[in-house]
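Novice: Make one complex out of these two single chains by using the hints.
Sequence lines, in order, name chains A and B.
Numbering of the first sequence is given in my numbering, commencing with residue 1 and proceeding in unit increments.
Numbering of the second sequence is given in my numbering, commencing with residue 406 and proceeding in unit increments.
Since the hints were made in silico from the structure, they are not lab data.
Errors might be hidden in some of the hints.
[Stated by the list, open to error] The list that follows gives simulated cross-link-like pairs (lysine-lysine, DSS-like), each with its CA atoms no further than 25 Å apart: (1) B/Lys510 x B/Lys491; (2) A/Lys401 x B/Lys491; (3) B/Lys425 x B/Lys456; (4) A/Lys185 x A/Lys307; (5) B/Lys456 x A/Lys401; (6) A/Lys399 x B/Lys491; (7) A/Lys401 x B/Lys420.
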Amino acid sequence: MGAKINAAKVRKDFPIFSRERKLAYLDNAATTQKPKCVIDAEKNFYESTNANVHRGLYRISERATEMYEGAHGKTASFIGARGMQEIVFTRNATESLNVVAGSIGKGLKSGDEVVLTLMEHHSNIVPWQQLQRKGVKLRYVGFGKDGKLDYGELGEIVSKKTKVVSFVHASNVMGSINDAKEICKIAHENGAIAVVDGAQSVPHMKVDVQKMDCDFLAFSSHKMLGPMGIGVLYGKEEMLLEMEPFLYGGDMIKSVGKFEASWNALPWKFEAGTPNVAGAIGLAAAISYLEGIGIENVRRHEREITKYALQKLSEIHGLSIYGSKNAQDRLGVVSFNVDGLHPHDVAALLDEEGIAIRAGHACAQPLLAQLGVNAVCRASFYVYNTKEEVDRLCRAIEKTKHILA
Amino acid sequence: MDRQAYVEEVMDHYKNPRNKGKLEHADFCAHDTNPLCGDEISICAKVKAGKLQEIKFDGHGCAICIASSSMLMEKAAGKKLTAALKIKREDVLSNFGEISPVRTKCALLSLKVLKLGICGFLGKNAPPE
Chain A
1 MGAKINAAKV RKDFPIFSRE RKLAYLDNAA TTQKPKCVID AEKNFYESTN ANVHRGLYRI
61 SERATEMYEG AHGKTASFIG ARGMQEIVFT RNATESLNVV AGSIGKGLKS GDEVVLTLME
121 HHSNIVPWQQ LQRKGVKLRY VGFGKDGKLD YGELGEIVSK KTKVVSFVHA SNVMGSINDA
181 KEICKIAHEN GAIAVVDGAQ SVPHMKVDVQ KMDCDFLAFS SHKMLGPMGI GVLYGKEEML
241 LEMEPFLYGG DMIKSVGKFE ASWNALPWKF EAGTPNVAGA IGLAAAISYL EGIGIENVRR
301 HEREITKYAL QKLSEIHGLS IYGSKNAQDR LGVVSFNVDG LHPHDVAALL DEEGIAIRAG
361 HACAQPLLAQ LGVNAVCRAS FYVYNTKEEV DRLCRAIEKT KHILA
Chain B
406 MDRQAYVEEV MDHYKNPRNK GKLEHADFCA HDTNPLCGDE ISICAKVKAG KLQEIKFDGH
466 GCAICIASSS MLMEKAAGKK LTAALKIKRE DVLSNFGEIS PVRTKCALLS LKVLKLGICG
526 FLGKNAPPE
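This is chain B alone, in the form it adopts within the complex (with noise of 0.2 Å):
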C-alpha cells in the first residue's frame, strides 16, 4: 500500500528538499498543476551549452509529489537537455515502490513540467504523458 511510498529516503526529500526556491535569470521556466490535489510545481533552469547547468524547483504539494521534485532536481542538474527529455516515468517512480495509480499522477507532476519547460525552450512540442 501506499505506506510503502513513504520510505526514508523519500522523507528525507520532503522533509529537507533540494534544489528547492526561486532561480533568477533562468533561460526557462515551467509550471503545471495536479487539479485532482491542487498540487502545484514550477521549475526554472539556466541552460549553458546544451546543459541544464542550473536547475530549481518550487511549489506546494504532497510528501510524494514534493520529494518526487526534490528527486528529479538532482537527476536532471547537469544533464543535457536530450538526455533530460529521455527521463521515463519508471525512473521517477521507482523512487517509491508500490505507488496507487492516484498517487501516481503526484509523483509524475515534476516530470511532466520538466519536459514541458525543456520542450519549451527547444521549440518543440512537449511529449505525450
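In isolation and in its complexed conformation, chain A is listed as follows (with noise of 0.2 Å):
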C-alpha cells in the first residue's frame, strides 16, 4: 500500500505510446489505453481457447466457459460483490443503464416519479426519460458552483412517490464525487431503487457495492483499460430474481416450450445470445492490472496530477475551470473553457501538439445548460499520465491563444 504510480514505467506496459512517442493521451474519461496484457488476453482467447461458453461439452469451451465464468467472479470481487450471480455482462455501461431502465420501467406506473442529477451523461437520461410515455415523472437534483451535488433539494424531491433515483457516482464533465452511500441511504428510506452510474468512478477509485448499497452499479470495461463492446451491470441479487429479462434468446432460457419460457440461472437470464466472451477476459485482465497497481494508488497518483492540473490552469489568464478548485473532491476530470476560444478550436490545435483533449457538449448537454455553456475542453487523466504532460497542455493552450486572439 502506498506505493507511488511510476508514470514512465506504467507507459512501457501500454504499446501505443511506443508507437505514438509524443502522444500525451489526456481523454481518458472517453476511453483509456489498453495495456498489453489486455490485448494479448483477448489474442490469447482467440488463438488457444475460442469456442461458444455454455454448451460445447469438449476441452476448448469448457476452458472457455471457465474463463468467462472466471472474469464474472473476479469483477464481483473488484467491486465487493456478493458474487457473480450479481455480475451481468452487457456491451458498455449505456446498455446496462437501459437493462435497469427498461426492466424496471415495466413495473412503473403513471405518478411515478424517477429522480436523476444535473450532472447525468446522456445514458443515464435518455433511457428515463422514455418511460415519460407512461406517464412516469422525471425530476432533477441540481448541483452548485463548486460542482457540489445539492443535498438540500435531494433530500425535498425524494418523496414516497419515486420509484426509482439514478445518478452519476462522479461527474464526466466537474469530476464531482458524489456521496453515493448517502444517496442510496436517502432513496431507501423513501423505498426507491438506487441505480448508480459508476462510468467515471469505478476505474479511478475504490468502490464497494456492499458498503454503498445500491441496487444496481454500471460502469464500462474500455474506461477502466480494458476492451471496448464489454460493460458491467451489478445488481443486488434479490433484484435481478425479481427483475423481468431485458433481451431473450439463447442462453438465458432454462427451458422453451412452443408458446412459452423460463428463465436462467443469474446472471445468465440477463445475458442473451452468445457473449462476448474474448471481452470479458481481457476486462478480467484489465482488473488484475489494476489490482497490481493498487486502486488506491491509482486514485492518489490522480489527485496529485489533478491538484496540479487545477493550479497550473489557473494560472492561465481568461480560463475558467468548472467545479470544484479542491482535487480532493474529484476524479481526475478537469473541464474549462478559454474565454473568445472555442473548444474545437482549442482541442483541434492541441492536436497539433500531440495532445488529446475531448471538446464538445462531453454527452453532458443538461449539465453544460446549467454551467451556461455550449461546450467545454476537457482533459482526464489516469495511471499513465505525469505532470510534464500537464505543462505542455498548458504551453499548448498558450499558444493556441496566441494564434486564434
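Specialist: Printed below as a string of C-alpha cells:
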C-alpha cells in the first residue's frame, strides 16, 4: 500500500505509447489506452481457447466457459459484490443503464417518479425519458457552483412517489464525486431503488457495492484499461431475481416450449445470445492489472496530477475551470473554457502538439446548460499521465490563445 | 492535419467576419445547429428580382464554422437564388485545405442553413446533405 506510481514505467506496458511517442493522451474519461496484457488476453483467447460458452462438451469450450465465468467472479470481487450471480455483462455502461431502466420501467406506472441529477451523462437520462410515455415523471436535483450536488434539494425531491433514484457517482465533466452511500440511503428510506452510474468512478477509486448499498451499478470496461464492447451491470441478487429479462433468446433460458419459456439462473438470465467472451477475459486482465497497481494508488496518483493541473490551468489568463478547485473533491477530470475561444478550435490546435483532449458537450447537455455553456474542453487523467504532460497542455493552450486571439 | 485548416485567410474571416449581424425586414431567415459541438448559425436575406440582394449570418461557433459562414456570405451575395442553390460542398471545403471529417460538419453548417432558407422561400424541399 501507498506505493507511488511510476508513470514512466507504467507507460512501457502500453504499446500505443511506443508507437505514438509524442502523444499526451488526456481523454481518459472517454476511453483509456490498453496495456499489453489486456490485448494479449483477448488475442490468446482467440488463438488458443476460442469456442462458445455454456454449450460445448469438449475441452476448449469448457475452458472458455471457465474463463468467462471466472471473469464474472473477478469483477464481482473487484467491486465487493456477493458473487458472480450479481454480475451481468453487457456491451457498455449505457446498455447496463438501459437494462435497468427498461426492466424496472415495466413495473412503473403513471404518477411514479424517477429522480436524476443535473450531472448525468446522456446514458442515464435518455433511457429514463422513455418512461415518460407511460406517465412516469422525471425530476432533477441540481448542483452548486463548486460542482457539489445539492443534497438539500435531493432531500426535498425524493419522496414516497419516488420509485428510482439514478445518479452518477462521479461527473464526467466536473469530476465531482457524489456521496453515493448517502444518496442510496435517502432513496431506500423512501422505498426507492438506487441506481449508480459508475462509469467514471469504478476505474479510478475504490468502489464497494455493499458498503455503498446501491441496488444497481453500471460501468464500462473500456474506461478502465479493458477492451471496448464489454460493460458491467451489478445488481443485488434479490433485485435481479425479481426483474424481468431485458433481451430474450439463447443462453438466457432454462427451457423453451412452443408458447412459453422459463429463465436461466443468474446472471445468465440477463445475457441473451453469445456473449463477448474475449472482451470479458480482457476485462478480467485489466482488473488484474489495476489490482497490481492498487486502486488506492491509482486514486492518489490522479489526485496529485489533478491538483497540479488545477493549479497550473488556473494560472492561465482567461481560463475558467468548472466545478471544485479542490482535487480532494473530484476525480481526474478537469473541464475548462478559454475566454473567446471555441473548444473545438482549442482541441484541434492542441492536437497539433500531440495532445488529445475532448471538446464538446461531453454527452452531458443538461449539465452544460446549467453551467451556461454549449461546449467545454476536457482533460482527464489516468495511471500513465504525468505532470510534464500537464505542463505541455498549459504551454499548448497559451500557444492556441496566441494563434486564435 | 487540422492545422492546415487554420490558414491565414480563414483566420482573417474568423477574426473579422463579413456580413455578420441581424438583418431587418428579411424575406427569409433560416437556422440550424450542429448538435455535436453546439454551433448555431442563422442566415437572413432580402430577395429582389430572384437575387440575394442582401444577406447576413449570425450565431456562434468555432473558427471553421464562423469563417466558412463569412466566406459563404461573400460568395452568395448578389447571386440568383437558383445559382446559390448550386453552391457545392467542395466550393466551401476548398477554402480549408485539409479538413477532418468531424470538422467538415462545422464548415458546412452555413451552406446547409443557406439552402434551407432558399428552399423554404421557394417552397421547395431542401436538398439532401
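Novice: Now tell me, hint by hint, if it's right for this structure.
Specialist: Hints and how they fare:
1. B/Lys510 x B/Lys491: Given pair B/Lys510, B/Lys491 holds - Cα atoms ~18 Å apart, limit 25 Å.
2. A/Lys401 x B/Lys491: violated (37 Å)
3. B/Lys425 x B/Lys456: Measuring from Cα to Cα gives roughly 19 Å; hence the hint holds.
4. A/Lys185 x A/Lys307: Between A/Lys185 and A/Lys307 the Cα gap is close to 31 Å, so the pair fails against 25 Å, i.e. violated.
5. B/Lys456 x A/Lys401: violated (40 Å)
6. A/Lys399 x B/Lys491: This hinted pair is violated, its Cα atoms lying about 39 Å apart.
7. A/Lys401 x B/Lys420: Distance of about 13 Å is within 25 Å: holds.
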